[in-house]
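Combine the two chains into a complex, taking the hints into account.
The lines below spell out each chain.
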Amino acid sequence: MNLDYEAIRKHTQQYWYIDGISELGGGVTLFLVGAFYLALELLPPSPLRAVLTGFFQPVIILALIFGTRYAVRKLKEKITYPRSGYVQYRERTSKRRWFVAVVSGAVAALTTIGITLVSDWVSVAVIPVICGFFISLLEFYIGSMIGVARFYWLAAIPLITGISLSLIGVSDQMAIAVLLGITGLIWMVSGIFVLVAYLKRYPLPVEGGE
Amino acid sequence: MSPAPMDVDRIIHEPARLHIISILNVVEQVDFLFLLGETSLTRGNLSTHLTRLEEVGYIQVTKTYRGKVPQTLYRITEDGAEAFKQYRKTMQDIMG
Numbered sequence: 001m002n003l004d005y006e007a008i009r010k011h012t013q014q015y016w017y018i019d020g021i022s023e024l025g026g027g028v029t030l031f032l033v034g035a036f037y038l039a040l041e042l043l044p045p046s047p048l049r050a051v052l053t054g055f056f057q058p059v060i061i062l063a064l065i066f067g068t069r070y071a072v073r074k075l076k077e078k079i080t081y082p083r084s085g086y087v088q089y090r091e092r093t094s095k096r097r098w099f100v101a102v103v104s105g106a107v108a109a110l111t112t113i114g115i116t117l118v119s120d121w122v123s124v125a126v127i128p129v130i131c132g133f134f135i136s137l138l139e140f141y142i143g144s145m146i147g148v149a150r151f152y153w154l155a156a157i158p159l160i161t162g163i164s165l166s167l168i169g170v171s172d173q174m175a176i177a178v179l180l181g182i183t184g185l186i187w188m189v190s191g192i193f194v195l196v197a198y199l200k201r202y203p204l205p206v207e208g209g210e
Numbered sequence: 001m002s003p004a005p006m007d008v009d010r011i012i013h014e015p016a017r018l019h020i021i022s023i024l025n026v027v028e029q030v031d032f033l034f035l036l037g038e039t040s041l042t043r044g045n046l047s048t049h050l051t052r053l054e055e056v057g058y059i060q061v062t063k064t065y066r067g068k069v070p071q072t073l074y075r076i077t078e079d080g081a082e083a084f085k086q087y088r089k090t091m092q093d094i095m096g
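Sequences listed follow chains A and W, in order.
Just so you know, the first sequence maps onto residues 1 to 210 in the numbering used here.
Just so you know, the second sequence maps onto residues 1 to 96 in the numbering used here.
Chain W on its own, in the form it takes in the complex (with noise of 0.2 Å):
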């Protein structure tokens, strides 16, 4: 039985989040500025975005220095992976 459009996860299925999350799924961690460039979206919108993944768990947040400089760091969690790696199988059901 295919799944249904409600299993899909919310998330996930958010354009924006989609594309960050599959941006830390193939590197270890990438910075703030970086997924900045990538996605194009503006400074307070990414961190929202950033802010619900680190709650629910699907990417981990680590604060440290590159020289003087604050640096973020964002790596996607096991947890994060597995959600991912499941919302790509489930929309392939759906589409067929």
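Bound-form chain A, shown alone (with noise of 0.2 Å):
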């Protein structure tokens, strides 16, 4: 008998992305973000703005991350289970959840403190392309690993952003914040296309249970 077990092991793990639901949820929190980061901007310098910016960012941040993992779970109970099935998939061991904090915090270490070594040798214009680069990355890494061919599309919009918004020349933290915006957008509307062609594809069905 020949299986192709990674191809198993790669489709169940695609099953988490066959709704949209989770990109919708991404996009929903990159777009709150921006939109906190735009509001910000928007704030003239003050003591509010100085407790936004140091104490709520963090907050806000973490309380969008969690808020929408909820919503995401509650939907796919909602929505996924009962149309093609339920998985629960297995949770990182604490080694593996180390790793991937210790990455995490590493690349974004250096992401910060590249974009700021380069903002003195180049001009401010560039670091918006510099910031769409790092999303496109990282959206492209996703894509790569689960196999899903949409989020190498998705990669390329903060890349195109980030040079349009440099070509433009929109000041670097306003830069950030459209950039978040746009992509979350971009993710959102396409979560929405992927969850319409789910729910065409998979109707309720008539008959519970086994």
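It is possible that part of the hints are untrue.
[Claimed, not checked] Short, incomplete list of chain W residues facing chain A, as computed with Cβ under 10 Å:
{"hint": "1", "residue": "S22"}
{"hint": "2", "residue": "V26"}
{"hint": "3", "residue": "G37"}
[As the list claims (entries may be wrong)] Straight-line C-alpha distance at most 25 Å; calculated SDA-like pairs for lysine to any residue:
{"hint": "4", "chain 1": "W", "residue 1": "K85", "chain 2": "W", "residue 2": "G57"}
{"hint": "5", "chain 1": "W", "residue 1": "K89", "chain 2": "A", "residue 2": "R201"}
{"hint": "6", "chain 1": "A", "residue 1": "K10", "chain 2": "W", "residue 2": "T39"}
{"hint": "7", "chain 1": "A", "residue 1": "K10", "chain 2": "W", "residue 2": "T72"}
{"hint": "8", "chain 1": "A", "residue 1": "K10", "chain 2": "W", "residue 2": "G37"}
{"hint": "9", "chain 1": "W", "residue 1": "K85", "chain 2": "A", "residue 2": "R92"}
{"hint": "10", "chain 1": "W", "residue 1": "K85", "chain 2": "A", "residue 2": "E6"}
{"hint": "11", "chain 1": "A", "residue 1": "K10", "chain 2": "W", "residue 2": "D31"}
{"hint": "12", "chain 1": "A", "residue 1": "K76", "chain 2": "A", "residue 2": "A149"}
{"hint": "13", "chain 1": "A", "residue 1": "K78", "chain 2": "W", "residue 2": "T72"}
{"hint": "14", "chain 1": "A", "residue 1": "K10", "chain 2": "W", "residue 2": "E55"}
{"hint": "15", "chain 1": "A", "residue 1": "K95", "chain 2": "W", "residue 2": "K85"}
{"hint": "16", "chain 1": "A", "residue 1": "K95", "chain 2": "W", "residue 2": "V26"}
{"hint": "17", "chain 1": "W", "residue 1": "K68", "chain 2": "A", "residue 2": "K95"}
{"hint": "18", "chain 1": "W", "residue 1": "K68", "chain 2": "A", "residue 2": "L204"}
{"hint": "19", "chain 1": "A", "residue 1": "K10", "chain 2": "W", "residue 2": "A83"}
{"hint": "20", "chain 1": "A", "residue 1": "K74", "chain 2": "W", "residue 2": "T64"}
{"hint": "21", "chain 1": "W", "residue 1": "K68", "chain 2": "A", "residue 2": "P205"}
{"hint": "22", "chain 1": "A", "residue 1": "K74", "chain 2": "W", "residue 2": "L36"}
{"hint": "23", "chain 1": "W", "residue 1": "K85", "chain 2": "A", "residue 2": "A7"}
{"hint": "24", "chain 1": "A", "residue 1": "K10", "chain 2": "W", "residue 2": "Q92"}
{"hint": "25", "chain 1": "A", "residue 1": "K95", "chain 2": "W", "residue 2": "Q29"}
{"hint": "26", "chain 1": "A", "residue 1": "K76", "chain 2": "W", "residue 2": "P70"}
{"hint": "27", "chain 1": "A", "residue 1": "K200", "chain 2": "A", "residue 2": "S190"}
{"hint": "28", "chain 1": "A", "residue 1": "K10", "chain 2": "W", "residue 2": "A16"}
{"hint": "29", "chain 1": "A", "residue 1": "K10", "chain 2": "A", "residue 2": "R201"}
{"hint": "30", "chain 1": "A", "residue 1": "K76", "chain 2": "W", "residue 2": "S40"}
{"hint": "31", "chain 1": "A", "residue 1": "K78", "chain 2": "W", "residue 2": "L73"}
[What the hints assert, rightly or not] The following residues of chain A were derived to be distant from chain W, with all beta-carbon distances above 10 Å:
{"hint": "32", "residue": "I8"}
{"hint": "33", "residue": "T12"}
{"hint": "34", "residue": "Y17"}
{"hint": "35", "residue": "P58"}
{"hint": "36", "residue": "L75"}
{"hint": "37", "residue": "V100"}
{"hint": "38", "residue": "V102"}
{"hint": "39", "residue": "I130"}
{"hint": "40", "residue": "R150"}
Hints in this document: simulated from the structure, not taken from any laboratory.
Glycine is no exception: its CB is placed at the ideal position from the N, C-alpha and C atoms.
Here it is, written out as structure tokens:
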């Protein structure tokens, strides 16, 4: 019996993305983070702005991430599991969790240091391109890990947006807000298209159970 | 010495059961509906294979409820994971 175990593993992992709900959730998070940065940028320098930037920024971002994760789980319970079945994926082992946390932290630190160093040497106008490149790289990595082709197309958007913002000459903080907002919006649109296609393909079964 | 074809675990070697156990080997647990979609078996056929795998202790079955709807969840046991690992090794050795 010749069975492609790797294909089965990938296909099972891809099931998480079958309905577009996770993209929709990710898109909402990115869009709201972008909107938050935009609001900060539009606020005149004041103690309120300092408090929002210093204290509320991580709190709001974490709240958005956890809130979206909860909403995605609830939506999947309502929409996906009754139509095409339930999968509980394996939790990452604590060793693997540490590895992911350390690598993510290192990438974030290197990106920040890189942008700071580069901003001294090159024009500030290039920063949106660099940010767009890193977001694209991350999306491309997700696409290659799970083998979902549409993530490659999605990966092109932040890079194109970053280059466009750079050419228009939008300031760096505003550019990051717009970059996140547009990336989030495209993810939401993609998620909605996938969800509509999924709902057409998987109507609610008439008979339940087994 | 390479293993003989009769050393192959017949329970796992059956194509439908091999497919089921391959899926269960990469997840924590799944429900019947998911396996139905992934394997493209009929309900009766899938049910028969799952019962066989449960009988030999390769999978664990949990009856529960999702809201008010009954739900049956399947997960691979340690014995099942070990048997699957051994099966793959045996097949690799036979194939060379």
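Does S22/W meet its interface restraint, that is, does its C-beta lie within less than 10 Å of any C-beta in chain A? 5 Å, holds
For the pair supplied as a hint, K89/W and R201/A, confirm whether the alpha-carbon distance does not exceed 25 Å. Roughly 38 Å separates the two Cα atoms, so the pair is violated.
Has the given pair, K78/A with T72/W, been kept, meaning a C-alpha gap of at most 25 Å? 17 Å, holds
Check whether the Cα positions of K85/W and E6/A lie no farther apart than 25 Å. 14 Å, holds
Would you check the hint for K10/A and A83/W, treating anything up to 25 Å between C-alpha atoms as holding? Between K10/A and A83/W the Cα gap is close to 22 Å, so the pair holds against 25 Å.
Does the alpha-carbon distance linking K10/A and E55/W stay inside the 25 Å limit? Not OK: K10/A and E55/W at ~28 Å, beyond 25 Å, violated.
Regarding the hint that G37/W lies at the interface with chain A, is the smallest CB-CB distance below 10 Å? 5 Å, holds
Do the alpha carbons of K10/A and Q92/W lie within 25 Å of each other, as the hint requires? 21 Å, holds
Over 10 Å to the closest beta carbon of chain W is the bar; see if L75/A clears it. The claim holds: L75/A sits with its nearest Cβ about 14 Å from chain W, beyond 10 Å.
The output says Y17/A does not contact chain W. Does that hold with a beta carbon cutoff of 10 Å? 15 Å, holds
Check whether the Cα positions of K10/A and R201/A lie no farther apart than 25 Å. 21 Å, holds
Would the hint linking K76/A and S40/W be met if the CA-CA limit is 25 Å? 22 Å, holds
Comparing the model with each numbered hint stated earlier shows that hints 5, 14, 17, 32, 33 do not hold.
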